[in-house]
Amino acid sequence: MSKKLLTVLDPKGQPSGIFGKVLDLKNPMAILDPEKQPTSTLEAMIGQKMADRLDTLEGKTVYLVETGFAGAADFMKEVEGWFQRNMPSVKTVMRSKRGNMFTDDPELWQEIKEHGDAAIVGVGG
Amino acid sequence: MEDHYNIPTAPIVTARFADYILKDSRSHGMLLRYSFPPHPVGFIPRSHLKDYIKGNDPYTGKPLMQEIIDALTKPLTEEEKNPVVPKRPGHPRLLPPDTEENLHRLFLESGWTDGLPIVLPTEERVAEMLTGTDADPNQVVGRMSIAYYEEKLEYTVEKVAVNAVMAGCRPEHLPVLLAIAATQHPSLPSSTTSFASMLCVNGPIRREIGMNCGLAALSPFNYANSVIGRAWTLMSINFGEARPGDTFMASTGHNLNYNNMTFGENEEDSPFEPFHVEKGFKPEESTVSIFRGWNVLGLGLGNAEEMAKVLRNLPSMAPTGTFVMDPLVARSLIDEGFKTKEELRKFFAEKTGYPPFAINFMVVGGQTNPLWITTDFVYTETESIDKWIPKDGIRKDKKPLRMPEPLVCKDGICTLPG
Numbered sequence: 001m002s003k004k005l006l007t008v009l010d011p012k013g014q015p016s017g018i019f020g021k022v023l024d025l026k027n028p029m030a031i032l033d034p035e036k037q038p039t040s041t042l043e044a045m046i047g048q049k050m051a052d053r054l055d056t057l058e059g060k061t062v063y064l065v066e067t068g069f070a071g072a073a074d075f076m077k078e079v080e081g082w083f084q085r086n087m088p089s090v091k092t093v094m095r096s097k098r099g100n101m102f103t104d105d106p107e108l109w110q111e112i113k114e115h116g117d118a119a120i121v122g123v124g125g
Numbered sequence: 001m002e003d004h005y006n007i008p009t010a011p012i013v014t015a016r017f018a019d020y021i022l023k024d025s026r027s028h029g030m031l032l033r034y035s036f037p038p039h040p041v042g043f044i045p046r047s048h049l050k051d052y053i054k055g056n057d058p059y060t061g062k063p064l065m066q067e068i069i070d071a072l073t074k075p076l077t078e079e080e081k082n083p084v085v086p087k088r089p090g091h092p093r094l095l096p097p098d099t100e101e102n103l104h105r106l107f108l109e110s111g112w113t114d115g116l117p118i119v120l121p122t123e124e125r126v127a128e129m130l131t132g133t134d135a136d137p138n139q140v141v142g143r144m145s146i147a148y149y150e151e152k153l154e155y156t157v158e159k160v161a162v163n164a165v166m167a168g169c170r171p172e173h174l175p176v177l178l179a180i181a182a183t184q185h186p187s188l189p190s191s192t193t194s195f196a197s198m199l200c201v202n203g204p205i206r207r208e209i210g211m212n213c214g215l216a217a218l219s220p221f222n223y224a225n226s227v228i229g230r231a232w233t234l235m236s237i238n239f240g241e242a243r244p245g246d247t248f249m250a251s252t253g254h255n256l257n258y259n260n261m262t263f264g265e266n267e268e269d270s271p272f273e274p275f276h277v278e279k280g281f282k283p284e285e286s287t288v289s290i291f292r293g294w295n296v297l298g299l300g301l302g303n304a305e306e307m308a309k310v311l312r313n314l315p316s317m318a319p320t321g322t323f324v325m326d327p328l329v330a331r332s333l334i335d336e337g338f339k340t341k342e343e344l345r346k347f348f349a350e351k352t353g354y355p356p357f358a359i360n361f362m363v364v365g366g367q368t369n370p371l372w373i374t375t376d377f378v379y380t381e382t383e384s385i386d387k388w389i390p391k392d393g394i395r396k397d398k399k400p401l402r403m404p405e406p407l408v409c410k411d412g413i414c415t416l417p418g
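Top line first, the protein sequences correspond to chains A and B. Heads up: the first sequence begins at 1 in our numbering, then just goes up one per residue. Heads up: the second sequence begins at 1 in our numbering, then just goes up one per residue.
Looking at chain A on its own, in the form it has when it is part of the complex (with noise of 0.2 angstroms):
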């Protein structure tokens, strides 16, 4: 082959600051549409914030949130069994996401905010 140099383009594309996000669930076949998919932007993923941990889990209400992935329901299930068995006093409360497991749940969100404590959600895979 030729040593002469050559010049080539970059083939990437460029980062573009907009992300995925997750999908509304009045429009979960967005999925199949760029356009109508929910975005965020770097900028709005700034300054948010984790919430404050519990001092223990002893008496609280957790609820434990399957996502829909093959194998996340039964694997809660034995997450539930944990803690009948070995922490009793902890209040577990089953759900599953509504949707799909790419869907947004913001009334399952707001009631773990108003009856739960905490929330163990799985399993992505």
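It should be emphasised that the hints constitute simulated quantities derived from the structure, not laboratory data. Values in this document were obtained by computation on a predicted structure and should not be read as measured data. Ideal placement from N, C-alpha and C gives every residue a C-beta, glycine not left out. Among these hints, one or two may not hold up.
To be verified - Restraint-style ranges between C-beta atoms, simulated for each label pair: (1) 93/A <-> 3/B: 13 to 23 angstroms; (2) 5/A <-> 312/B: 54 to 64 angstroms; (3) 357/B <-> 85/A: 45 to 55 angstroms; (4) 81/A <-> 138/B: 29 to 39 angstroms; (5) 106/A <-> 100/B: 51 to 61 angstroms; (6) 315/B <-> 89/A: 39 to 49 angstroms; (7) 46/A <-> 104/B: 38 to 48 angstroms; (8) 305/B <-> 110/A: 23 to 33 angstroms; (9) 93/A <-> 306/B: 26 to 36 angstroms; (10) 18/A <-> 123/B: 20 to 30 angstroms; (11) 123/B <-> 110/A: 26 to 36 angstroms; (12) 2/A <-> 80/B: 49 to 59 angstroms.
Position chain B relative to chain A; hints supplied.
Coordinates of chain B only, in the frame set by chain A:
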């Protein structure tokens, strides 16, 4: 949940995706406290799940349930309270000059190709490719990511031209590629389920750029069909950031990812209206239509009842189906009494329980056998090509590159040349 609802949350993801999800968490501005049971949790005996709960997180080596409890109860660290959201730098337009051999190695080893040899996108070649459209090279065409939640990469007309050169395209193909890019659909979704894609071109451009809509249209005997399908894959890799094991998680992958089942519809031999006309375009407009699914079952023979039976029994994750049928099949369906695709849709919806809008029919093939291909592909979008075509017409080479045309029967009674 953490920020908006102020709920302490312990998210759980299987260990196979630990690296990906931790990176994803960082890029989204939070250091979420994930726990990772072994992979997979689906389609395994319940006793295995019980063992997972009793056991350790294979990623951290710590007891899984204690890790989950800690995720909800250990005070937040300063780093968790004030995460830094990383901003990714852009990259320069030109790569450092190098020899042809080294550049081929760079493209291959960087994961910017499909593994097959490419044409290096030199400035001269890209400039020539850009003569295939009047659009400004700096015009933004869209944004794409194969992983739904990840940062989308933005691409211009010039970036599309770069990938077109790499795929072996000529300027006459560029308007089709720009229309594909404008859909912003990657042909290679990140999903572990190994998606395939399909691309159909309709309208006059099929014939102008020499696409094959007839005999062996889905086989590797046509230049335009080959390079257009390949270019979509290269764009998906380079604009959608497909990196196996990082963003691209298809467990087995799919062989259609190489070319995305690219063809032109055989409008001339079809008794039905062309697909793009169904979607509201005029017959004289040129379009690309995009489909996505998993299953392709090749040898279909029989009437509408049989077609419905096969579709109904095709295992799929979605109640969708697209038939790709030879013109002989389309005409036999007319003979069965179906006058339009709408009538067909109604029949198949009744037989399968699928919604009518989710059932599609494409006509392609050379009429050597009345075969239909059953897929579970869902139709996603049709995009106009015309707006990307130069005002003075498609930019063809003086002698356009064409592979041999399929031999056709000259005397009307055989399949050999007369």
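Structure-based check of all given hints:
no.: 1; hint: 93/A <-> 3/B: 13 to 23 angstroms; result: holds (22 angstroms)
no.: 2; hint: 5/A <-> 312/B: 54 to 64 angstroms; result: holds (60 angstroms)
no.: 3; hint: 357/B <-> 85/A: 45 to 55 angstroms; result: holds (49 angstroms)
no.: 4; hint: 81/A <-> 138/B: 29 to 39 angstroms; result: violated (59 angstroms)
no.: 5; hint: 106/A <-> 100/B: 51 to 61 angstroms; result: holds (55 angstroms)
no.: 6; hint: 315/B <-> 89/A: 39 to 49 angstroms; result: holds (45 angstroms)
no.: 7; hint: 46/A <-> 104/B: 38 to 48 angstroms; result: holds (41 angstroms)
no.: 8; hint: 305/B <-> 110/A: 23 to 33 angstroms; result: violated (50 angstroms)
no.: 9; hint: 93/A <-> 306/B: 26 to 36 angstroms; result: violated (50 angstroms)
no.: 10; hint: 18/A <-> 123/B: 20 to 30 angstroms; result: holds (29 angstroms)
no.: 11; hint: 123/B <-> 110/A: 26 to 36 angstroms; result: violated (56 angstroms)
no.: 12; hint: 2/A <-> 80/B: 49 to 59 angstroms; result: holds (54 angstroms)
Of the numbered hints stated above, those contradicted by the structure are hints 4, 8, 9 and 11, listed in ascending order.
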